[in-house]
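Just so you know, the sequences run in chain order Z and V. Note that the numbering used here has the first sequence beginning at 1, numbered continuously upward. Note that the numbering used here has the second sequence beginning at 1, numbered continuously upward.
Derived from the structure by calculation, the hints contain no laboratory data. All values reported here derive from a predicted model rather than from experimental measurement. Honestly, I wouldn't trust all of these hints.
The list cannot tell twin chains apart, which means a pair is met if one copy fits it or any two copies do.
[To be verified] Below, a list of computed lysine to aspartate or glutamate pairs in the EDC-like style, where the Cα atoms sit at most 20 Å apart: (1) K250 to D261; (2) K131 to E310; (3) K307 to E69; (4) K250 to E225; (5) K262 to D43; (6) K374 to E37.
Number of protein chains: 2
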Amino acid sequence: MPSLLATTPEAEYAPFVLTGVLLTLIIVYLMSKLGGELSKRLDLPPVLGELVGGVIVGVSALHLIVFPEAGAAATDSLLMTTLQWLGDLDAEAVAHIFTSQSEVISVLAELGVIVLLFEIGLESDLRELGKVGYQAAIVAVVGVVAPFTLGTVGLVVFFHVPIIPAIFAGAALTATSIGITSKVLSELGHLKSTEGQIIVGAAVIDDVLGIIILAVVASLAKTGEVDLVNVVVLIVSATAFLLGSILLGKFFNQSFVAIADKLQTRGALLVPAFTFALAMACLASVIHLEAILGAFAAGLVLDETDKRKELDQQVMPIADILVPIFFVTVGAKANLGVLNPTVPENRAGLVIAAFLLVVAIVGKVVTGWTIFGKPGINRLAVGVGMIPRGEVGLVFAGIGSASGALSAPLEAAIIVMVILTTFLAPPLLQLSLKNQESITPEESDSEEGENAAVPVVK
Amino acid sequence: MPSLLATTPEAEYAPFVLTGVLLTLIIVYLMSKLGGELSKRLDLPPVLGELVGGVIVGVSALHLIVFPEAGAAATDSLLMTTLQWLGDLDAEAVAHIFTSQSEVISVLAELGVIVLLFEIGLESDLRELGKVGYQAAIVAVVGVVAPFTLGTVGLVVFFHVPIIPAIFAGAALTATSIGITSKVLSELGHLKSTEGQIIVGAAVIDDVLGIIILAVVASLAKTGEVDLVNVVVLIVSATAFLLGSILLGKFFNQSFVAIADKLQTRGALLVPAFTFALAMACLASVIHLEAILGAFAAGLVLDETDKRKELDQQVMPIADILVPIFFVTVGAKANLGVLNPTVPENRAGLVIAAFLLVVAIVGKVVTGWTIFGKPGINRLAVGVGMIPRGEVGLVFAGIGSASGALSAPLEAAIIVMVILTTFLAPPLLQLSLKNQESITPEESDSEEGENAAVPVVK
């Protein structure tokens, strides 16, 4: 009989992995609350504080939360050295525990942004989104074309960067972090305003465009030519997925409610809804789209049901627990060391970074002026809302780095651009929305959006 | 400048790990709902259905959810072979993804049982628990001594098992799965009855005793003698932890409420409470107690605050999402193959298993008759509530197996005993509680306990 309980490193180190995850989560929640509350007192969006809180415990400062993807070893992690001391572990054990713990936290962070987009989908309205669909599409396309062209041409002309790395940098400029923007909009109670819906719609379309651009650029860097079949497959599957979700929204609703009504055990509404969100996320990820797009689509579909409010209230605590993991780890992964001008190696990168930052802001802000037929709309806010590159920009930089196409200064410059747009966008967006009467389809919905900033428990 | 975005296997396989986790979670939720609902229709505790649902997708049947700790390879996992086909991956990549995905699911399951015990703590009452404290302590001690003595002596006398493995088997018989018992009690609305509080109290004490026994037995198997210092340290730290929690319950409450009241961002109550639960779980785990004991203590402490109801309502959706992962994976890990009498190797084990099962049931059921000063108490229910060995019993068997002390038939017998007590306990407990008027301290509290079986949203 084969042993049923063979000991593997996994089993032996399991208690330490759990302790490592628990310690990381405790740090994440402490920093997210400290940062968020401080930000709120300073009249800034709380999410900015969560990002800064992440920076403090991350690779830039305290080294409590670091990740092997960024080249960190277990010995770089203050948390791991503490655990090594607590558990009297050898170096090999700590390396194993570090990898496992980091993978768990990374997946929890991804589940966090999945739940965030599910919640944003639940708070968005398919019909309202449809009404601003054309505008959102134009904003997205201009927000891709403008920074890409300006960035690529500028790098080649002014900085004599070769064409392939210039295209990579240009591609990184096209991204929009839907997570950061939608979180700020939600915190400010502007998610349901016309501006908010245009930004969210454009960010979704931007995400799809970004995935297509990434596929083009990656195959260009790898083989020197574009894999057309792959690109066509991506475009077709992305379109089919988005249209399919909208159709599903019309038909699946009622059967979902019927199923949920029949269930008698705990979590009768939440568990099927959450399963549906994960299934859509999984489907999106299998057809090479981003998982968060699937979760957003699932939220849109379930928003059409009459269980919406009840579901919203039950998803909220889950978001409260999972979403901070995402924002704090984004902050923890941002290496602000590349911003230090006293390090000679950084200087070349910082000059390019300054150029990329200008392009990154201008290229997105102009999109606000492409909106037509909406007199009185806050064009600046729409443009500013598209600025944060966030994790999407880092993915571009990461793939560029892996392909070996990027020089060290250019890579650093892209990272600086991503970090600065991510951290500048929340206060800029708040500023551009301040003292404005938002154009909201329904006044009652707008109020609810503002309440979303505090837990609603009746 | 060191590359900030070096590609490691972790980064390269990350999307597949996420897809693997999402697929596993989808299967977990489908099986937990299918099993739970079917169980409910058959008038059985839903948790039994979740366990059986786990068995169906686990190592015993469909091989969708299997774990490397139990000796499974990536090629044994139907989910991994599907992912390999979807992503066109090589064997090495799949092995890496399998390990990562399993670690993530294992940690999520552990977070599930941590949240479950936090919730049970929130629903328990420190004063009520104090009132039954002596009874619970006696039930726990008898429930450890009786099965240990009967089992060890019986194995030596009737089956001529050497003394060290006999002691291991005896130790595995002492465990009580607080998770399974408290979930069934909560589902039946009996958590707050006197019987329920005695069972929960005894299970907590049993857990502490179990950890001490485990330390004794493990050092006995390793060095042939007992490491007295270690045992004394464990007893002192366990006692200090439990008494410290109770003291904390009296003083920390008010400062906790004051902090939560001052917070203005989302999750103002939930995030500090959850952080406290994780910190207590972490502390328990660092001093070599079980993490779930810390979470239970945290629940007890916060139960004393006037935020109790609000918190309870916000913890519920998190429990709905995380707890099923625990029960379904417990089922998935249970290898029912050892029950098959047509396999000749199993027969020797099955005879010992039958003996262990009788000892396991009798040794716990007798504990009900040790209760004094509570006329009219359901003694049978208390005894039956202590029967399930669950994950705690498997930990004993696993450590015994790792030490090399157990023969294959004895190891199989222990596993059979653990599986059968775990699966038999929920229906037996329901049966023994049926048609009884429970003795409840406050009638209103009991009603609330019953409502806990359905999501409470007002």
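Hints, verified against the model:
1. K250 to D261: within (19 Å within a copy, 42 Å between copies)
2. K131 to E310: neither (26 Å within a copy, 38 Å between copies)
3. K307 to E69: neither (41 Å within a copy, 41 Å between copies)
4. K250 to E225: For K250 and E225, the Cα distance exceeds 20 Å both inside one copy (41 Å) and across copies (70 Å).
5. K262 to D43: between (46 Å within a copy, 16 Å between copies)
6. K374 to E37: neither (36 Å within a copy, 51 Å between copies)
In summary, the structure is inconsistent with hints 2, 3, 4, 6 from the numbered list given earlier, while agreeing with the others.
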